[in-house]
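Enquirer: Read off the chains here:
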Amino acid sequence: MTSHVDTETLALSAEGLLDEAEECSVQGHLAGCEQCTEQLAALADVSRLLGEAAAPELPPDVAARIEEAVRAEAEQRETPSSADADPAPPPPRDDSVVPFPRRPSRWLPFLVGAAAAVFVVGGAGAVLYSMLGPGNHTGRAGSEVSEQERPDAALSYQPVLLESETSYTEDELDSQAAEVLGTVPATDYPGQSEGDPDEPREAPESDTPEVPADVATCARELGGTDEEPLPALIDIATFQPSGAESAEDAWVMYYGSDPAGAFEVVVVSPSCATGDPGDSVLAESRVSGS
Amino acid sequence: MDTVQELPDKELLSRHAHGDDQAFNELVRRHRERMWAVAVRVLGDPEEASDALQDAFLSAFRGAHRFRGDSQVSTWLHRIVINACHDRMRRKLVRPAVPTDDATLDVLSNERTKGTTPDPTSQSEAAMDVWAALADLPPEQRFPLVLVDMLGYRVDEAAEILEVASGTVKSRCARGRARLLPSLTHLRNPEDPRDVTSQRGGDRRS
Numbered sequence: 001m002t003s004h005v006d007t008e009t010l011a012l013s014a015e016g017l018l019d020e021a022e023e024c025s026v027q028g029h030l031a032g033c034e035q036c037t038e039q040l041a042a043l044a045d046v047s048r049l050l051g052e053a054a055a056p057e058l059p060p061d062v063a064a065r066i067e068e069a070v071r072a073e074a075e076q077r078e079t080p081s082s083a084d085a086d087p088a089p090p091p092p093r094d095d096s097v098v099p100f101p102r103r104p105s106r107w108l109p110f111l112v113g114a115a116a117a118v119f120v121v122g123g124a125g126a127v128l129y130s131m132l133g134p135g136n137h138t139g140r141a142g143s144e145v146s147e148q149e150r151p152d153a154a155l156s157y158q159p160v161l162l163e164s165e166t167s168y169t170e171d172e173l174d175s176q177a178a179e180v181l182g183t184v185p186a187t188d189y190p191g192q193s194e195g196d197p198d199e200p201r202e203a204p205e206s207d208t209p210e211v212p213a214d215v216a217t218c219a220r221e222l223g224g225t226d227e228e229p230l231p232a233l234i235d236i237a238t239f240q241p242s243g244a245e246s247a248e249d250a251w252v253m254y255y256g257s258d259p260a261g262a263f264e265v266v267v268v269s270p271s272c273a274t275g276d277p278g279d280s281v282l283a284e285s286r287v288s289g290s
Numbered sequence: 001m002d003t004v005q006e007l008p009d010k011e012l013l014s015r016h017a018h019g020d021d022q023a024f025n026e027l028v029r030r031h032r033e034r035m036w037a038v039a040v041r042v043l044g045d046p047e048e049a050s051d052a053l054q055d056a057f058l059s060a061f062r063g064a065h066r067f068r069g070d071s072q073v074s075t076w077l078h079r080i081v082i083n084a085c086h087d088r089m090r091r092k093l094v095r096p097a098v099p100t101d102d103a104t105l106d107v108l109s110n111e112r113t114k115g116t117t118p119d120p121t122s123q124s125e126a127a128m129d130v131w132a133a134l135a136d137l138p139p140e141q142r143f144p145l146v147l148v149d150m151l152g153y154r155v156d157e158a159a160e161i162l163e164v165a166s167g168t169v170k171s172r173c174a175r176g177r178a179r180l181l182p183s184l185t186h187l188r189n190p191e192d193p194r195d196v197t198s199q200r201g202g203d204r205r206s
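From first to last, the protein sequence lines are chains A and B.
Position 7 of the first sequence, counting from 1, maps to 7 under this note's numbering, and the rest follow consecutively.
Position 99 of the second sequence, counting from 1, maps to 99 under this note's numbering, and the rest follow consecutively.
Just chain A, with the same shape it has in the complex:
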């Protein structure tokens, strides 16, 4: 006699996802096994229980808070004083909501290896997300990572996002950029052997913090070199042009595919997301990796 059908197979069968042969053998077993038939009924009850689990309604104070936040955002938005003075409102663009298109690159294995881990760089107060090598994963269930299935909506290609708290200046951009690159542990770099672009199709590269949508837009609009049109690292920091009195918020994009090779560093202002990306570039440089 065949052994019992495991719960997952039963669940897949209930969704009609098994192939003909498997389905046949499951049905054959079910016909004579009360225990598995009962298990199948239990699975249907899981759906029912989920549907019955009530959750709180939207609290009025949360609704009010969101309205207030949106109002503040509206005030902040640079509404042109009058519509006719506005040269051209940003036209609806034909691109996705999803920050980055899924795009295999040689960095992917690096990002995959970095998934689900968090690393806090000490002294500099820099928080470096998602940069640990193998064996250093946080207490997340290994099975979760190994599921290799994630909703793409939340998970497209993610560059490494840093908040290094570096106050970049124009004069020292090169050395500062090199230093930031140096905080990326070398062990986390891809094995250099190959970055099989097909393999990590559903790889769990998503545990890096989500790149804010405006940063993502900007990165994509900017483009990069032909080979690596998206930055491998993005540092959310500040930048002070030479001669300027103070630093301003800036996003520092690192383009490159080889951790030991050269990186294009492009410093942009957040206006990049709303205006012409080309105009928002504050500085550019080229530095070597670690």
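In short, the hints are calculated from the structure, not lab data.
Treat the hints with care, as some may be off.
Covered stretches of chain A (chain B as the covering partner; in silico rule of three or more C-beta atoms under 8 Å from a C-beta of chain B) [said to hold, decoys possible]:
1) 9–19
2) 45–59
3) 212–219
4) 279–287
Note that beta-carbon positions come from the ideal geometry of N, C-alpha and C, so glycine has one too.
With chain A held as given, fit chain B onto it using these hints.
Expert: Coordinates of chain B only, in the frame set by chain A:
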């Protein structure tokens, strides 16, 4: 104002992109309850859900010009909310800080008992168990299960929101249900409800 309320979502979004502040407020009013329902179930924590919802609406406010006209505004908003929730979940991993799940569940249970349910005790207990079990599910299973099983979305709707194939939604739901089964099986009451709750030493009134 009256006119704003009659406009379709897409028109509102387009007006918003051209600087009409009222338009976005109307969108928020239209969709916030539904988006909350998604967020609070995905995160299992009203505090986190509030933050995620605010993040999401602000992100939609700023990103309106990136809306593709080929999907529904509602689908687009769902996607943004799920992304915001996912972001919150990751940050929680970064700082697995403060309150434990117990605190979370207390809030949920308190909220529940405020409602007018015939049997708040056992119902909220059941809900708490469901939330606790859900919290252990990986996001890729939690998202479709929240949409399909908890909120009753069609598989193809969930697939569009999550930007995966319908078959993927089905298999993730199936695996999620299989994974939840052991933690929820005590809540089943196929024939006689009393049998089930009494397993937990239930104080059920008949």
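Enquirer: Look at each hint and say if it fits the structure.
Expert: Hints and how they fare:
{"no.": "1", "hint": "9–19", "verdict": "holds (count 7)"}
{"no.": "2", "hint": "45–59", "verdict": "holds (count 14)"}
{"no.": "3", "hint": "212–219", "verdict": "holds (count 4)"}
{"no.": "4", "hint": "279–287", "verdict": "violated (count 0)"}
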